[in-house]
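Protein chains in written order, with the working numbering: chain A, 23 to 346; chain B, 23 to 346.
Treat the hints with care, since some could be wrong.
Where chains are identical, the list cannot tell them apart; a pair therefore holds if satisfied intra-copy or between any two copies.
Dumping the calculated DSSO-like pairs for lysine-lysine here, alpha-carbon to alpha-carbon at most 30 Å [as the list claims (entries may be wrong)]: (1) LYS56 with LYS275; (2) LYS56 with LYS161; (3) LYS161 with LYS275; (4) LYS56 with LYS214; (5) LYS56 with LYS303; (6) LYS303 with LYS275.
Since the hints were derived computationally from the structure, they do not count as laboratory data.
Protein chains: 2
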Amino acid sequence: MTRDGFPKDEPLFRRLAVIGVGNLGSSVARAVRKAGNGVTHVAAYDRDPAVRARLQELGIVDSVHETAGDAVEGADIAVFCSPVGTYRAIMDEVAPHLQPGAVLTDVGSVKMAVVRDVSPLVPAGVHFVPGHPVAGSEKSGPDAGFADVFRGRYWLLTPEEGTDAGAVARVEALWSRVGAIVEVMDAAYHDKVLALTSHLPHLIAYTIVGTAFDVEEQERQDVIRFSAGGFRDFTRIAGSDPTMWRDIFLNNKDAVLEMLQRFTEDLTALQRQIRWGEGDKLHEFFTRTREVRRGVVEAHQEGTSPWAPGANGGKPGSEGGNTK
Amino acid sequence: MTRDGFPKDEPLFRRLAVIGVGNLGSSVARAVRKAGNGVTHVAAYDRDPAVRARLQELGIVDSVHETAGDAVEGADIAVFCSPVGTYRAIMDEVAPHLQPGAVLTDVGSVKMAVVRDVSPLVPAGVHFVPGHPVAGSEKSGPDAGFADVFRGRYWLLTPEEGTDAGAVARVEALWSRVGAIVEVMDAAYHDKVLALTSHLPHLIAYTIVGTAFDVEEQERQDVIRFSAGGFRDFTRIAGSDPTMWRDIFLNNKDAVLEMLQRFTEDLTALQRQIRWGEGDKLHEFFTRTREVRRGVVEAHQEGTSPWAPGANGGKPGSEGGNTK
Numbered sequence: 023m024t025r026d027g028f029p030k031d032e033p034l035f036r037r038l039a040v041i042g043v044g045n046l047g048s049s050v051a052r053a054v055r056k057a058g059n060g061v062t063h064v065a066a067y068d069r070d071p072a073v074r075a076r077l078q079e080l081g082i083v084d085s086v087h088e089t090a091g092d093a094v095e096g097a098d099i100a101v102f103c104s105p106v107g108t109y110r111a112i113m114d115e116v117a118p119h120l121q122p123g124a125v126l127t128d129v130g131s132v133k134m135a136v137v138r139d140v141s142p143l144v145p146a147g148v149h150f151v152p153g154h155p156v157a158g159s160e161k162s163g164p165d166a167g168f169a170d171v172f173r174g175r176y177w178l179l180t181p182e183e184g185t186d187a188g189a190v191a192r193v194e195a196l197w198s199r200v201g202a203i204v205e206v207m208d209a210a211y212h213d214k215v216l217a218l219t220s221h222l223p224h225l226i227a228y229t230i231v232g233t234a235f236d237v238e239e240q241e242r243q244d245v246i247r248f249s250a251g252g253f254r255d256f257t258r259i260a261g262s263d264p265t266m267w268r269d270i271f272l273n274n275k276d277a278v279l280e281m282l283q284r285f286t287e288d289l290t291a292l293q294r295q296i297r298w299g300e301g302d303k304l305h306e307f308f309t310r311t312r313e314v315r316r317g318v319v320e321a322h323q324e325g326t327s328p329w330a331p332g333a334n335g336g337k338p339g340s341e342g343g344n345t346k
Numbered sequence: 023m024t025r026d027g028f029p030k031d032e033p034l035f036r037r038l039a040v041i042g043v044g045n046l047g048s049s050v051a052r053a054v055r056k057a058g059n060g061v062t063h064v065a066a067y068d069r070d071p072a073v074r075a076r077l078q079e080l081g082i083v084d085s086v087h088e089t090a091g092d093a094v095e096g097a098d099i100a101v102f103c104s105p106v107g108t109y110r111a112i113m114d115e116v117a118p119h120l121q122p123g124a125v126l127t128d129v130g131s132v133k134m135a136v137v138r139d140v141s142p143l144v145p146a147g148v149h150f151v152p153g154h155p156v157a158g159s160e161k162s163g164p165d166a167g168f169a170d171v172f173r174g175r176y177w178l179l180t181p182e183e184g185t186d187a188g189a190v191a192r193v194e195a196l197w198s199r200v201g202a203i204v205e206v207m208d209a210a211y212h213d214k215v216l217a218l219t220s221h222l223p224h225l226i227a228y229t230i231v232g233t234a235f236d237v238e239e240q241e242r243q244d245v246i247r248f249s250a251g252g253f254r255d256f257t258r259i260a261g262s263d264p265t266m267w268r269d270i271f272l273n274n275k276d277a278v279l280e281m282l283q284r285f286t287e288d289l290t291a292l293q294r295q296i297r298w299g300e301g302d303k304l305h306e307f308f309t310r311t312r313e314v315r316r317g318v319v320e321a322h323q324e325g326t327s328p329w330a331p332g333a334n335g336g337k338p339g340s341e342g343g344n345t346k
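Can you make the complete structure from the sequences, with help from the hints?
Next up, the structure:
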């Protein structure tokens with residue numbers, strides 16, 4: 023028996039299908055293969071022929087299929103890794119091909135909308151366990167993924183009440199074996215917390231990069247040249263896939279708008295303090311936010327790189343942040 | 023002759039004084055010593071006795087002084103590395119101790135206010151060359167600095183018209199020899215561009231971290247635990263020194279408020295697009311911001327760590343950004 027309660031010599035899943043093979047899809051394929059946890063076949067589908075061709079070259083999956091239906095045929099588990107706005111159409115297509123007992127999961131950043139779109143279409147006997155790895159990078163495409171991206175990162179599962187406990191446990195075990203810290207939580211709570219930790223930061227980053235872009239040419243070039251002063255951290259986030267992020271914002275609208283409202287209020291308060299030269303209040307506020315940073319560092323979620331959290335062992339300046 | 027036009031065997035400066043020895047001050051001391059560019063003595067002053075004691079232990083400077091006046095005594099160049107709000111008081115103290123022909127410079131993130139505060143107090147025969155290295159990390163204190171932090175980074179100089187050209191050239195050469203790309207520019211332009219690339223990003227980061235802090239305890243812990251989704255990049259920036267940043271905002275008020283106004287308008291537009299489900303507009307905007315990211319990467323200002331820009335040679339995901 024392994025720590026997750028499943029016998030080591032008994033595979034959790036034998037055939038896994040990845041639907042949508044960008045950065046995350048290819049990371050899932052690579053991670054599952056590297057873990058060698060009983061999966062003997064990784065089938066893949068991507069709607070982009072160029073990606074399918076590239077997958078053949080990369081050799082990170084065992085078979086590449088022309089349709090999502092073909093890819094899930096005979097699979098014990100299917101993992102949706104395309105933008106969340108595509109799930110409903112994909113479900114329509116794959117539903118007749120999913121075998122009884124199969125598990126369906128995903129890696130989407132929003133969960134309420136996914137449950138809303140997918141659950142009604144899940145065939146009887148198929149177990150739907152929505153999921154979200156809080157990991158990845160801003161780069162796109164199958165070349166951008168890597169096997170260790172989930173190591174030390176949280177992988178959140180949001181199954182509805184009444185979901186087959188065995189299916190949930192097997193999904194938990196699968197992602198634990200690729201190095202993730204798996205937690206089960208409520209979908210609404212997930213969406214609220216992620217609106218704050220991920221969706222709002224991305225929206226802000228996109229905005230500030232856009233603001234910086236709307237200046238005259240000379241200034242724009244200097245904004246890029248002097249980006250090490252803080253701006254470049256925002257450009258990294260704002261370099262993420264446009265389709266994926268459009269779908270996230272449209273599908274977690276309420277939580278994002280609520281957090282945005284709070285943010286705007288807080289920003290307005292700071293703006294006023296700057297305008298009126300209230301240095302003490304600014305100082306007090308900046309001191310408080312510093313505590314949050316300490317919390318992040320202590321939670322070991324500060325790593326320089328997604329595949330090696332905390333690998334720098336406290337080397338000075340190892341987090342790469344330029345703050346001037 | 024070296025590339026900067028100064029004879030290699032003739033030192034640019036012999037005795038250098040660092041006033042304020044936190045992260046940047048200690049980096050200046052370390053960098054100058056490592057470069058071995060003729061400086062034979064680094065004198066240091068910090069108003070904090072604990073920092074002075076630590077400097078004795080670290081051995082990164084040649085002498086530690088109880089007053090700023092003592093530290094600049096006999097110095098060919100003095101470098102102000104304390105928060106910009108302290109400059110005026112320090113100038114009052116050091117002015118009588120600066121020898122004719124000495125050069126005065128600084129590393130502050132705002133330049134108009136520095137010129138306003140310092141220039142009137144500069145004694146005749148002393149050359150004031152305001153400066154700003156676009157480098158550093160969010161960590162504070164003399165242990166946080168390192169010699170190579172300026173390598174490949176911009177170091178901007180904003181001397182007033184009529185400043186002794188020889189003095190400017192020697193400061194340029196000094197920082198070039200620690201690896202920086204030195205550029206001379208107008209102080210007002212500097213403050214405007216840096217408001218966009220550094221001050222506004224910091225303000226936004228402080229705000230969002232504050233917003234995330236004002237939730238109930240359980241949620242706050244989860245915000246920290248799931249911070250790899252984008253939030254942690256903001257916490258890093260928001261972990262910067264509160265005094266330094268208070269002084270920056272108060273001393274670049276006009277440019278910061280103007281950029282903040284533009285940002286708020288842009289954010290409001292995005293907010294409206296999300297509320298009304300205008301996916302096409304969102305997608306178009308996110309595609310445009312991605313181009314800016316490409317520009318930053320192409321300008322080689324994207325490095326994972328301040329002392330090794332571009333050292334990752336394009337390893338997948340090497341920029342450490344988690345975007346989900």
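Verification of the supplied hints:
1. LYS56 with LYS275: Neither, since 37 Å and 53 Å both go past 30 Å.
2. LYS56 with LYS161: Within one copy only: 21 Å inside a chain, 37 Å across chains, cut-off 30 Å.
3. LYS161 with LYS275: Close inside one copy (24 Å), not across copies (36 Å); limit 30 Å.
4. LYS56 with LYS214: neither (33 Å within a copy, 49 Å between copies)
5. LYS56 with LYS303: neither (51 Å within a copy, 40 Å between copies)
6. LYS303 with LYS275: between (32 Å within a copy, 15 Å between copies)
Of the numbered hints given earlier, the model fails hints 1, 4 and 5; all others are met.
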